[in-house]
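Engineer: For the record, the sequence lines run as chains A and B.
For the first sequence, the positions run 1 to 114 when our numbering is used.
For the second sequence, the positions run 1 to 115 when our numbering is used.
Quick caveat, the hints were computed from the structure, so don't treat them as lab data.
For every residue, glycine included, the Cβ atom is placed at its ideal position computed from N, Cα and C.
Hints are supplied without guarantee of correctness; some may be wrong.
Claimed, not checked - Computed, partial: chain A to chain B, Cβ under 7 Å:
1. E42
2. G43
3. L44
4. L46
5. I102
6. F104
7. K106
8. T108
9. H111
Below, each chain spelled out in residue letters.
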Amino acid sequence: GNSVTQMEGPVTLSEEAFLTINCTYTATGYPSLFWYVQYPGEGLQLLLKATKADDKGSNKGFEATYRKETTSFHLEKGSVQVSDSAVYFCALTLPWNRDDKIIFGKGTRLHILP
Amino acid sequence: DGGITQSPKYLFRKEGQNVTLSCEQNLNHDAMYWYRQDPGQGLRLIYYSQIVNDFQKGDIAEGYSVSREKKESFPLTVTSAQKNPTAFYLCASSGTNYLAKNIQYFGAGTRLSVL
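Make the full structure from the sequences, and use the hints.
Structural biologist: Okay, here's the thing in structure tokens:
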């Protein structure tokens, strides 16, 4: 079946460190890939997306590249800030499906220490 | 501002009681969703609706019910049959044109606890 696997947290880093959160997927065909972020006590917000192989999504200093050969969509940021502390969800959709459902990973909690 | 409004922010349920969580959107989206979030388990889909007067069960529909009488509204009722209702509930919506499709916009959530 279709699924998303992301690294377990929590991930704790110091401010200005380099961040990588791994995400791999299993899907039939060509899914669209997303990263959502959830700040404490809030709902999820779309962080970035990529809809085809080799696309790079970017936003707020975060980047992720759609790698079809490794079925991966790892999230990276060169220098994290305390305000980046949140839970990050990798997700996929199958655009040709009628039901518009999103398949989420379990989330990775990120703590940034000042 | 366009967005999704969930209310209340906090809700307490007594034993044997049904409670209803509100979700309203002014984004003119056709599709709406309800998720349950438990610590360490990510999001699980309860119900979804792609059009008014129609909805489908998600992965964990037992003990919940929904209605979709208006495009803007998708209330969720947690019934007394749901034995473990304590969780954070998130409502979302998405558009149906090709560019908007599959991008979901979320409300701020309702935290439900059992008294």
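Engineer: Could you work out which earlier hints the structure fails to respect and list their numbers in ascending sequence?
Structural biologist: Per hint list: 8, 9 violated.
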